[in-house]
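Student: If you want the building blocks of each chain, they are given just below.
Number of protein chains: 2
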Amino acid sequence: MQHIEVIKNDGTVEVFDPMKLEKSLRRSGADKQISEEIVDRIQNSLKPHTKTKEIYQNAFQMLREKSHTAAMRYSLKKAIMDLGPTGFPFENLLAALFERQGYKTKVGEIVQGKCAAHEVDVIAWNDTELIMVEAKFHNMLGTKSDLKDALYVKARFDDIRGQEYSFGGKKQTLTEGWLLTNTKFSYTAIEYAQCGGHMRLVGWSYPEKGNLQDMIEGASLHPITCLTTLNRSEEKLLMDKGHILCQAVTEQALINVGIRNKQKVGRILNEVKRLC
Amino acid sequence: MQHIEVIKNDGTVEVFDPMKLEKSLRRSGADKQISEEIVDRIQNSLKPHTKTKEIYQNAFQMLREKSHTAAMRYSLKKAIMDLGPTGFPFENLLAALFERQGYKTKVGEIVQGKCAAHEVDVIAWNDTELIMVEAKFHNMLGTKSDLKDALYVKARFDDIRGQEYSFGGKKQTLTEGWLLTNTKFSYTAIEYAQCGGHMRLVGWSYPEKGNLQDMIEGASLHPITCLTTLNRSEEKLLMDKGHILCQAVTEQALINVGIRNKQKVGRILNEVKRLC
Numbered sequence: 116m117q118h119i120e121v122i123k124n125d126g127t128v129e130v131f132d133p134m135k136l137e138k139s140l141r142r143s144g145a146d147k148q149i150s151e152e153i154v155d156r157i158q159n160s161l162k163p164h165t166k167t168k169e170i171y172q173n174a175f176q177m178l179r180e181k182s183h184t185a186a187m188r189y190s191l192k193k194a195i196m197d198l199g200p201t202g203f204p205f206e207n208l209l210a211a212l213f214e215r216q217g218y219k220t221k222v223g224e225i226v227q228g229k230c231a232a233h234e235v236d237v238i239a240w241n242d243t244e245l246i247m248v249e250a251k252f253h254n255m256l257g258t259k260s261d262l263k264d265a266l267y268v269k270a271r272f273d274d275i276r277g278q279e280y281s282f283g284g285k286k287q288t289l290t291e292g293w294l295l296t297n298t299k300f301s302y303t304a305i306e307y308a309q310c311g312g313h314m315r316l317v318g319w320s321y322p323e324k325g326n327l328q329d330m331i332e333g334a335s336l337h338p339i340t341c342l343t344t345l346n347r348s349e350e351k352l353l354m355d356k357g358h359i360l361c362q363a364v365t366e367q368a369l370i371n372v373g374i375r376n377k378q379k380v381g382r383i384l385n386e387v388k389r390l391c
Numbered sequence: 116m117q118h119i120e121v122i123k124n125d126g127t128v129e130v131f132d133p134m135k136l137e138k139s140l141r142r143s144g145a146d147k148q149i150s151e152e153i154v155d156r157i158q159n160s161l162k163p164h165t166k167t168k169e170i171y172q173n174a175f176q177m178l179r180e181k182s183h184t185a186a187m188r189y190s191l192k193k194a195i196m197d198l199g200p201t202g203f204p205f206e207n208l209l210a211a212l213f214e215r216q217g218y219k220t221k222v223g224e225i226v227q228g229k230c231a232a233h234e235v236d237v238i239a240w241n242d243t244e245l246i247m248v249e250a251k252f253h254n255m256l257g258t259k260s261d262l263k264d265a266l267y268v269k270a271r272f273d274d275i276r277g278q279e280y281s282f283g284g285k286k287q288t289l290t291e292g293w294l295l296t297n298t299k300f301s302y303t304a305i306e307y308a309q310c311g312g313h314m315r316l317v318g319w320s321y322p323e324k325g326n327l328q329d330m331i332e333g334a335s336l337h338p339i340t341c342l343t344t345l346n347r348s349e350e351k352l353l354m355d356k357g358h359i360l361c362q363a364v365t366e367q368a369l370i371n372v373g374i375r376n377k378q379k380v381g382r383i384l385n386e387v388k389r390l391c
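Residue numbers (our numbering), protein chains in the order written: chain A, 116 to 391; chain B, 116 to 391.
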């Protein structure tokens, strides 16, 4: 096989891996035949030092021609970025993911540690667990959560651990502290967290199982930014009203933000029905 | 006494405190009579909601008319900011301060902690102590080092503490970890560091004794940015050659960066002699 070097989002060079692309296409719901066909077409026309971003955009374009629903899933990573520029909709999405798994949640709560008060992005609890999440939202591809992030989050959870909190009326101490990001972690951040213990790192595709993509797909909770029938300002209007999830897009919600054109509403609700 | 509200650098309002201004003037070397005279003049002409920055600038102007040397000392805080925009000259200044106290030093060294490698801004050691310093340089008045800084520095020192290092050929473990800034700390950062232990915070005027201003004045090591006879680009040229300290400004150093005008060199060296 020919080795073609491509350029990753962070500027580093790697050899193009057709398996990785195929896996990513399959994961988005494309069947084996379509995935293989797209990978073949990409590979045959690939020029050295193409950006992986472009490659994936092209593959996405091909997939959209083949399967609209699969394409929407495929663009999930970008849809998460479109929740920005602030991190609030992202935090609300995370809370919804935990709730789907049976946890109760609070967003942006201040908790008193041993030595300082901390604003915790997402708190999730049930009868036996109390999870606190520091969410690092990035709206640029290639931005990583790095060692400095892992260090301050570790110190924060060290200060929180051992204290008793009453969420849902029951006294509990911290079970797990998470640093959760929509992009990648630097290698040093991962190494530090694995060694230092007491902290779970969850990124877009890290760890291999139980990562953010798994959480979203497992729960079938897609953000409204996955919908191709909404434009940027319509998404923004809905998010400002607290509608983060695709499922929350109802006829009433659309009317409330001023989308009243019957045909347009129909197209949007049709896409919601297919995707969510 | 009349209470006049003034606006601090961080935008908050406080009642003007003539004692604070006088203390600051005395500290810069102005004698009691001059200080009182200046404070009286300021107080009699003070309008509500004047910015403290302006008040101090006016006081400085008056002091400059009275005593040139005292004025240079008075402007030390600004001179430290002028070491920017990068933090490197500041780190070199800190190393010189530790060396003046008999320590050996290294700047920007990578040390391996238990779980991660850390770049430490300044390392200072003698036979019995090993001090590591994280330097937070700010070049804007009113910027504070906050809880997040204290958290990541705490985690960094926690990872370093307990490991053995050979500086100067002798095996030592960390004696003290410092977070050292040229501005202020937020209240929560101070509270956290005092409670969590194992970390010393040193800022421009924090703690009351042994702060950065004390360190610089005690060592009589003024940065070249204190000199009023050098312009911004001349300072930059000297700093790029590693000349951070006022004392390092010799005839040869000036010639090396292209300052050859005899009269100008004379004026600069004259100021160096008076201040350094």
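Keep in mind that the hints were calculated from the coordinates and are not lab data.
Any given hint might turn out to be false.
Capping the alpha-carbon separation at 20 Å, the derived lysine-lysine pairs in PhoX-like fashion look like this [claimed, not checked]: (1) Lys219(A) with Lys286(A); (2) Lys263(A) with Lys166(B); (3) Lys324(A) with Lys351(A); (4) Lys123(B) with Lys259(B); (5) Lys259(A) with Lys166(B); (6) Lys181(B) with Lys166(B); (7) Lys229(A) with Lys229(B); (8) Lys263(A) with Lys219(B); (9) Lys193(A) with Lys259(A); (10) Lys263(A) with Lys259(B); (11) Lys166(A) with Lys135(A); (12) Lys166(B) with Lys263(B).
No experiment lies behind these values; they were computed from the predicted model shown.
Student: If you check each hint against the structure, which ones fail?
Tutor: Violated: hints 2, 3, 5, 6, 7, 8 and 12.
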